[in-house]
Structure formats: structure tokens, C-alpha cells
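Residue numbers (the numbering used here), protein chains in the order written: chain A, 259 to 455; chain B, 259 to 455.
Note that the list lumps identical chains together, so a pair holds whenever it fits in one copy or between two copies.
Using 20 Å as the maximum straight-line C-alpha spacing, the simulated SDA-like pairs for lysine to any residue come out as follows: (1) Lys358 with Thr444; (2) Lys280 with Ala349; (3) Lys280 with His439; (4) Lys280 with Glu438; (5) Lys280 with Ala266; (6) Lys383 with Ala408; (7) Lys383 with Gln291; (8) Lys280 with Thr403; (9) Lys280 with Ser442; (10) Lys280 with Ala346; (11) Lys358 with Thr260; (12) Lys280 with Glu436; (13) Lys383 with Arg292; (14) Lys280 with Gln353; (15) Lys358 with Arg423; (16) Lys280 with Thr440; (17) Lys280 with Glu352; (18) Lys358 with Arg328.
Keep in mind that the hints were calculated from the coordinates and are not lab data. As the structure is a computational prediction, the values presented were derived from the model and not from experiment.
Protein chains: 2
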Amino acid sequence: MTPSSLDALIDALRCLPGVGPKSAQRMAYYLLQRDQRGAHRLAESLERALSSLQHCERCNTFTEERICQRCANPQRDARLLCVVEMPADLAMIEQTLAYKGLYYVLMGRLSPLDGIGPRELGLEKLLARATDGVVEEVILATNFTNEGEATAHMLSELLAARGVRASRLSRGVPVGGELEHTDSGTIAQALVERRTL
Amino acid sequence: MTPSSLDALIDALRCLPGVGPKSAQRMAYYLLQRDQRGAHRLAESLERALSSLQHCERCNTFTEERICQRCANPQRDARLLCVVEMPADLAMIEQTLAYKGLYYVLMGRLSPLDGIGPRELGLEKLLARATDGVVEEVILATNFTNEGEATAHMLSELLAARGVRASRLSRGVPVGGELEHTDSGTIAQALVERRTL
Ligand SMILES: [Zn+2]
Ligand SMILES: [Zn+2]
Numbered sequence: 259m260t261p262s263s264l265d266a267l268i269d270a271l272r273c274l275p276g277v278g279p280k281s282a283q284r285m286a287y288y289l290l291q292r293d294q295r296g297a298h299r300l301a302e303s304l305e306r307a308l309s310s311l312q313h314c315e316r317c318n319t320f321t322e323e324r325i326c327q328r329c330a331n332p333q334r335d336a337r338l339l340c341v342v343e344m345p346a347d348l349a350m351i352e353q354t355l356a357y358k359g360l361y362y363v364l365m366g367r368l369s370p371l372d373g374i375g376p377r378e379l380g381l382e383k384l385l386a387r388a389t390d391g392v393v394e395e396v397i398l399a400t401n402f403t404n405e406g407e408a409t410a411h412m413l414s415e416l417l418a419a420r421g422v423r424a425s426r427l428s429r430g431v432p433v434g435g436e437l438e439h440t441d442s443g444t445i446a447q448a449l450v451e452r453r454t455l
Numbered sequence: 259m260t261p262s263s264l265d266a267l268i269d270a271l272r273c274l275p276g277v278g279p280k281s282a283q284r285m286a287y288y289l290l291q292r293d294q295r296g297a298h299r300l301a302e303s304l305e306r307a308l309s310s311l312q313h314c315e316r317c318n319t320f321t322e323e324r325i326c327q328r329c330a331n332p333q334r335d336a337r338l339l340c341v342v343e344m345p346a347d348l349a350m351i352e353q354t355l356a357y358k359g360l361y362y363v364l365m366g367r368l369s370p371l372d373g374i375g376p377r378e379l380g381l382e383k384l385l386a387r388a389t390d391g392v393v394e395e396v397i398l399a400t401n402f403t404n405e406g407e408a409t410a411h412m413l414s415e416l417l418a419a420r421g422v423r424a425s426r427l428s429r430g431v432p433v434g435g436e437l438e439h440t441d442s443g444t445i446a447q448a449l450v451e452r453r454t455l
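Excised from the complex, chain A in its bound form (with noise of 0.2 Å):
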């Protein structure tokens, strides 16, 4: 007896990670008995930014252009490209502002638990980019959690088949921790720490 757009909308909501069939519902008698003019706008903003962002075309995070305004900036140092696993990692390094070269940004890491391989995460397209012959060193700003580690040693042992020199930040970072709960000091310290592999 359920009205068929509302079971719609409470199916649609799950599609939310970490949602589940009653918070679903919780979610759904909200925004139609508490928040209509929320609903509209989370409506709206999910077919703008479906609709306006795409890749970056040299380093893979979401922008409104083809190609970011950080990517086209000419004082940003070319020969240095720093990968991370997603754009609050790389909002992390900008904040310690020891850091100004280039980046890109897997959008993931590798994940056999999730079917998140090398294919899923693209890496041909950060290859292509490490070998453009500006790049001189990737710094692998994975987190150091086991999946970070596994992503840089893959991506560290690509980029040697290739030439290209490959350093991944120190250990100041806390092991298991993540990018984005660490603080800039740190962060910092890990740059200037970080080793050739």
C-alpha cells in the first residue's frame, strides 16, 4: 500500500553508501514531511554535477573544465607529479603549502576486496602521464593503510619498468593512518622526508 514514487525514492536513497533499508526510510519522510526545498536542491545538484564535471584530463580529478585550473597553471613545477588517492588528499598537501608541483589523483585505490584492480583504477592514463618527459619524479601519496601501501608499490614498480624515478612520503605520516586526519606539520615533514624507492 505503499505509494510507488515513495518506495521509488526510498530504493533510490540506498544507492547512498553507508544507507541502509531503514535510514533509507528515515531519509525519505523527512525531506517530504521536513525539508521539500532540500529535496529540490539535492535533486538539482546531483543533475548539474552529473551534467558539468568530468576528469581533469592530466590529473584525473573532477573539474568543470577539460583540463583544471591547478593543471594549467604555469608556476606550478612540472618535473614533480604527486599521486594521491582522492581530492581531500591532495586539499591535505595543498594546506601544508610545502608542496608546489603537480598532481594526480586516482580517484581510489587498489581494492581485491571491492574488484577495484589496476584496469578499474585507470592506471594507463596516470602512466601516459608520469611519461610525458617533463615528469621527473612521482611521489606515491597513497595512504599508508594496506591498501594505500599495495596501490604504491604496484604504481612503484610500474613507473621503475618505465624509467621513471618514483618516492613515496616518509613514515611521518602514521602507520594505518589516512591523509585526511593528519595534520599539515606532519604532512610537511613527510614531504621533505620522502625516500627514493
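Fit chain B with the ligands to the known structure of chain A by using the hints.
Chain B with the ligands alone, transformed into the frame defined by chain A:
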């Protein structure tokens, strides 16, 4: 440097109950990176639910018609009106198969801390419904939480002032418990043992 449509999406996701800045960011990346189809479906479901759902003129639940199928069903006993907080509570009572009357769904409860008083709950609509000349007894089936009990108490006084007989589910439902998490047998028992107020 975050694209504005990504910022707007992260911000819009925060209208969902229980979603803070970090989960909103995680949800946005997840949708854009791993489930664009789900994101489209969510946007469409939101718009469709917002445009097609309304409150039933008689029972106040969400419906796509002016009067929902349950209220329009002549097989139900129109002399009994059961008042519940949410559609999920109604569904729990229907599951007992112990009730053949009609319902009124408050879509909430008195909650002074959240600014929800008698006016926000729209109690005039319920009072008009309960004094239609056909209803002989109003069964108050709000939760046995503090807020649900306070709601039942206020309703019993408003109904008594209008000469309408009110009853309350018996205390078979655990004190402090919520209907949604109670088994059908206990709810059926509480319906049979309802006490006149
Ligand atoms: Zn870029
Ligand atoms: Zn109805």
C-alpha cells in the same frame, strides 16, 4: 579550487538527516565515481516523489491520490480511527491483521525541543476527522516514548473536550519502546487490551 557544482552537491547532501560534512563528501565522490546511474535515479525519484506525493485528505499519509486506497476501502470499519506517528507504525499494525478500522497518520509527534507543537503537527485536521459523526472511538497508538506519551495525552484531552471516546494501546508495548521495533504478537495483544481513557 573545488568545482562549484561539486561543492553544491556536497552541501546539498547535508540536508539528509544524520549526514555531516565528511559523509556528504564521501557520498558525493562515491556517486560521481562509482554510481552515476544511481545518482540519476536518486535525482529523478526525488523530483517524482515531490511532485506526485500528497497527504491523504482523510488519513494524512503520503499517497498519489486525493484519498488513499485504504481510506477509500468500504470494507474497513469507519467507526474506529487509529492514530499513529508515522507510516511505518501503520504498516506494523496492519501486519498484525488484528485491526480492521481506519487510521490517521500524524507524520510526527509533539517535540518541543525540535519546535514541533500542536500547530506544526496539524492537529486541527485530526480533530476534524475524528468528529465527522462516524468515528466512535479513537485509538491512540503513538509510541510509548516520552514524546509519544505526551502526544497521546494532549490528544486524549482535546478529544474528550469534543466528546469523542479515546483509547490507548495497552502497555503490552515495552515502555520506552517504539512500535517499529515491536513484534506483531505484542502489538496484537496491545490492541485487544486497549484501555479507555
Ligand atoms: Zn588537473
Ligand atoms: Zn488515507
